[in-house]
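A.B. asks: Sequence:
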Amino acid sequence: MKNESTVIDVPAESSSAMKGSAPLIGVARDHTTSDSGGYKRGLSIFDFLLRLAAIIAASVAAGTMFTSDETLPFFTQFLQFEAGYDDLPTFQFFVIAMSMISGYLLLSLPFSVVTIVRPLATAPRLLLLVLDTAAMAFNMAAASSAAAIGYLAHNGNQNTNWLPICQQFGDFCQKTSGAVVSSFVSVVFFIMLVVLSGVALKRH
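Quick note on numbering: the sequence shown equals residues 1 to 204 in full-length UniProt numbering.
No lab work stands behind these hints, which were simulated from the structure alone. Even glycine gets a Cβ: it sits at the ideal position worked out from N, Cα and C. Please note: incorrect hints may appear among the correct ones.
[What the hints assert, rightly or not] Straight-line C-alpha distance at most 25 Å; calculated SDA-like pairs for lysine to any residue: (1) Lys202 to Phe48; (2) Lys175 to Ala148; (3) Lys202 to Pro119; (4) Lys202 to Val113; (5) Lys175 to Leu152; (6) Lys202 to Arg41; (7) Lys175 to Phe93; (8) Lys202 to Met192; (9) Lys202 to Leu127; (10) Lys175 to Phe66; (11) Lys175 to Gln92; (12) Lys175 to Ile149; (13) Lys175 to Gly156; (14) Lys202 to Val114; (15) Lys202 to Pro124; (16) Lys175 to Phe138; (17) Lys202 to Ile45; (18) Lys202 to Leu129; (19) Lys175 to Leu163; (20) Lys175 to Glu70; (21) Lys202 to Met136; (22) Lys175 to Val60; (23) Lys202 to Ala121; (24) Lys175 to Ala137; (25) Lys175 to Ala83; (26) Lys175 to Asp69.
[Said to hold, decoys possible] Estimated spans, in silico, between C-beta atoms of each pair: (27) Leu88 to Ile116: 37 to 43 Å; (28) Met140 to Leu49: 19 to 25 Å; (29) Asp171 to Leu107: 29 to 35 Å; (30) Asp171 to Ala141: 24 to 30 Å; (31) Lys202 to Pro164: 45 to 51 Å; (32) Met140 to Ile116: 24 to 30 Å; (33) Ser144 to Val117: 33 to 39 Å.
I would like the entire structure built from these sequences, with the hints used as guidance.
C.D. replies: So this is what it looks like as structure tokens:
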């Protein structure tokens, strides 16, 4: 009787334990994978929205600077006072740079959509991280150079006898300053995009 009880009880407990342990491991793995995919998809959606906001900021910066022209009301037949973005090479560079950045952001939208559809894909995120970093540096260069010229337009430089022109060309300076502010807003969006891509790649 003792032999029969041991033969019946021991295999029953070991087989049930072995059967119960296997599916639990599989369920845990599937749950972890689904959580990671949902988290990365959320980051990808936020990435897409940030790119749309950056496109608006960069386009506003380029458009505002491009239309920054002002002619003073007092002029003669042979002399008139006019200020425009094309009078300064730095502002010309600013318009070209911000237009290129807007184009890049527009072209990057399909890659951002790919990361939404395939949240666990690494290659699109890595490509966007590299290109966003380069575009951010380009954007920062254009914004900083334009900000330096805008500072001189507002305050001048007594050491070099450069007089401030914003007292006369108020509308021109207001538009250029608005364009510079918008370009720095675009830089902030790029910083967020780079950090977002880095976090998504780190948690892969």
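A.B. asks: If a hint holds in the structure, say so; if it doesn't, say that too.
C.D. replies: Going down the list of hints, with the structure as the test:
no., hint, in the structure
1, Lys202 to Phe48, "holds (19 Å)"
2, Lys175 to Ala148, "holds (15 Å)"
3, Lys202 to Pro119, "holds (13 Å)"
4, Lys202 to Val113, "holds (20 Å)"
5, Lys175 to Leu152, "holds (15 Å)"
6, Lys202 to Arg41, "holds (14 Å)"
7, Lys175 to Phe93, "holds (16 Å)"
8, Lys202 to Met192, "holds (15 Å)"
9, Lys202 to Leu127, "holds (15 Å)"
10, Lys175 to Phe66, "holds (9 Å)"
11, Lys175 to Gln92, "holds (14 Å)"
12, Lys175 to Ile149, "holds (13 Å)"
13, Lys175 to Gly156, "holds (18 Å)"
14, Lys202 to Val114, "holds (18 Å)"
15, Lys202 to Pro124, "holds (14 Å)"
16, Lys175 to Phe138, "holds (21 Å)"
17, Lys202 to Ile45, "holds (17 Å)"
18, Lys202 to Leu129, "holds (12 Å)"
19, Lys175 to Leu163, "holds (19 Å)"
20, Lys175 to Glu70, "holds (10 Å)"
21, Lys202 to Met136, "holds (21 Å)"
22, Lys175 to Val60, "holds (11 Å)"
23, Lys202 to Ala121, "holds (13 Å)"
24, Lys175 to Ala137, "holds (23 Å)"
25, Lys175 to Ala83, "holds (12 Å)"
26, Lys175 to Asp69, "holds (9 Å)"
27, Leu88 to Ile116: 37 to 43 Å, "holds (41 Å)"
28, Met140 to Leu49: 19 to 25 Å, "holds (22 Å)"
29, Asp171 to Leu107: 29 to 35 Å, "holds (34 Å)"
30, Asp171 to Ala141: 24 to 30 Å, "holds (26 Å)"
31, Lys202 to Pro164: 45 to 51 Å, "holds (48 Å)"
32, Met140 to Ile116: 24 to 30 Å, "holds (28 Å)"
33, Ser144 to Val117: 33 to 39 Å, "holds (37 Å)"
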